[in-house]
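Novice: These are the residues of each chain, in order.
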Amino acid sequence: MSSIQDRVADVNTDNTEEMNLVSAVNRTLHQELARDSSIRVLGYDIGPLGGVYRATEGLLDEFGNKRVIDTPLSENGIVGTAAGMAMRGERPVPEIEFMGFFYPAFGQFMYAVAKMYKRTGGEIEMPMTIRMPYGGGVKALEYHQESTESYFVHTPGVRVVCPSTPSQTKGLLAASIRSDDPVIFLEPKKIYRGMTEPVPTDEYTLSLNEARIVREGSDVTLLTWGAMVRHAKSAVADVDADVEIIDLCSLSPLDVESILESVSKTGRCVILHEARRTLGLGAELSALINEYALDALKAPIKRATGYDVHFPGHDIEDDYLPDDDRARYAIEAVMSYEF
Amino acid sequence: MSQETWAEERPPEDFYRILGPEGELQRDVPELADDELLGLYRTFVATRVLEEKMLNMQRSGEVSLVAQTLGEEATPLGGAAALQPDDWMFYTYRQTPALLHWDQSMAEIIASATGHEPETIAEQLEMGDSPMNFSPDYTPIGVNVTNAVGSAMADAFNDRETVTMVFTGDGSTSEGSFHDGMNFAGVFDVPAVIVCQNNQWAISEPSQRQTASETIAQKANAYGVPSERVDGNDIFAVYEKAREAVERARTGGGATFIECVTYRMGAHNTSDNPDRYRDDSEQRDYWKDRDPVDRFETYLRSEGILDDETDKAIHDEIDERVADAVEQVRSMSNSEPDRMFDHILHGESWHQRHQREELQRELNGKNPFIDFTGEGFDE
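Chains as they are written, first to last, in the working numbering: chain A, 1 to 339; chain B, 1001 to 1379.
Every clue listed holds true.
Below, computed lysine-lysine pairings styled on DSBU-like, alpha-carbon distance capped at 35 Å: (1) K1053/B / K115/A; (2) K1053/B / K1288/B; (3) K1366/B / K265/A; (4) K1053/B / K1312/B; (5) K115/A / K66/A; (6) K118/A / K1366/B; (7) K298/A / K265/A; (8) K1366/B / K298/A; (9) K1366/B / K115/A; (10) K118/A / K1053/B; (11) K265/A / K233/A; (12) K139/A / K233/A; (13) K1288/B / K1312/B; (14) K1288/B / K1219/B; (15) K1219/B / K115/A; (16) K233/A / K298/A; (17) K66/A / K118/A; (18) K66/A / K1219/B.
To spell it out: a stretch of chain A is covered by chain B in this simulated footprint if at least three of its residues, at any positions, have a beta carbon under 8 Å from a beta carbon of chain B; those stretches are: (19) 75–84; (20) 105–119; (21) 247–257.
For the record, the hints were derived by calculation from the structure and aren't laboratory data. Note that beta-carbon positions come from the ideal geometry of N, C-alpha and C, so glycine has one too.
Please build the complete structure, drawing on both the sequences and the hints.
Specialist: Now the structure itself:
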């Protein structure tokens, strides 16, 4: 586990550009398409429109319609044909417009994408990166707001990656595209344009197996990812505790060593995620810590999450989503507990 | 058991046919040399002998599940014979003749049914050296259509002349993946040949329950993909239409959909009992009279290409090859349990290392749950 600064240290940081998260996606796709001719981006609305979030803007003009493929409106078709391309040595990067639209593609995901490498004893690799914006808080319709990463994390044979900053997005997306494994790449759309930072303009990759320390601390470990990282940072400013924030980055496989090391040090843990609570990834994290770091615990683990409900309408979506307050309450609760 | 069974309906027979039910010619035969014709006959025989042997192995518990091609052999064989080396084939579970035609090893086919992990099969068997690229077989139906079209898209984008052929069944044509794949095939004009082996039964669902379309072939119209409808029990008809489709695909003419009308003589597979849902034997007698192998044999004998002596030599050779393959598979050792962790992801995660170790402890009669720190199993 290392900080993002450590991890991009070997990259030329003299040349940087101020970027937000979605422009980091766009820049990475540009650089990767230029680097490797076997990479193809496919999905609907990704061509002349440049994607509903403009993540693919300008790609069609630069690389043409064999590399940037506007497809029919069919998630199963997009993922299924991308799987066929991956079987033939291509590196497709399909875009699913919203995570909540992925379900029609679940058959292809389970039968072909996640399984082909194992089924063929390693003969056929499936190097493909399925990008999808996820998460709520954008006042969109219900199927545009979901955070159902647990379905993917429960599936062997696929990596699940989720960035939370522009520079991380660039390094993790490039690493995902270059990975020989299929990757589900979750883009926190709430913060697509929420922050900018200087991002190295040269190509670089970040490890897909390492969590990131956002902030070191000694009292509580706060495990989170994606759009929730910003709430974690805000929350710790107002609590009477020294909180260690860990951005998991890789949801599958998990950087278990970093998680256990941190909890063993702090003795307390809060998990912050916007997905529904029951069998959300927080359940697995809590179970993991219970199994391997119980002796270190000074309090039960608490999960500040969404509720076990369908994503609610606009007027109350902020009541569903965890925020600074919910994170702070959870931290205060574990700090107040006495055995 | 229900009293209700399905009344079977005979599909319209206004399809393309060269070799009639009695082995008589209705059109000119495609140009094939005598040794090529005998090669096709040899594959017919090999399929029947191999699958009969596997059926026996299933009955004795050596193999868990077997699906037979019986009565449908001309469709996969005619299709496969139209391909060229380096082409790609995506198949399901009733295309044994296609595999054998392109030299897939019999031992590999048997071993894939004995439940060994793929890594074990690769290490312990002499694998066939096929000039054809086979995808692994698919059991969830329709999935392969989409993947095959993706494979053909890759060829189209790279300006390669490779063709992808996919075999699917009548039941698949009700699945979303079939329609998604067909739609992409049409939109991207890909070098794919999509063959529907319409045997009129999807486990217990008869064709009239599967679709209200008069024919399966007409479904291609919706996607702007040209289609053919052929007698699936006529090796010449299937071969000729497949060859035309492959040629069109190879020369940039795009995808073709071919409905091959055939009939499932037996059960869906060895776990199925068709007596529960099929009404009588009338249809089976009708189709038995149209058996693709008998038909072809009659033709070969009438042309003087096959005689008793050659036929016996072919059967003897096949019997020996099948017996050898069975011996090879019987001499294979079981997979190491550890194999289940292979080829999940490149590299190894904490969970993988940990669970591998847990399994090892369990196999050694030790308690796998004694790690309380996540640091391993030092007792």
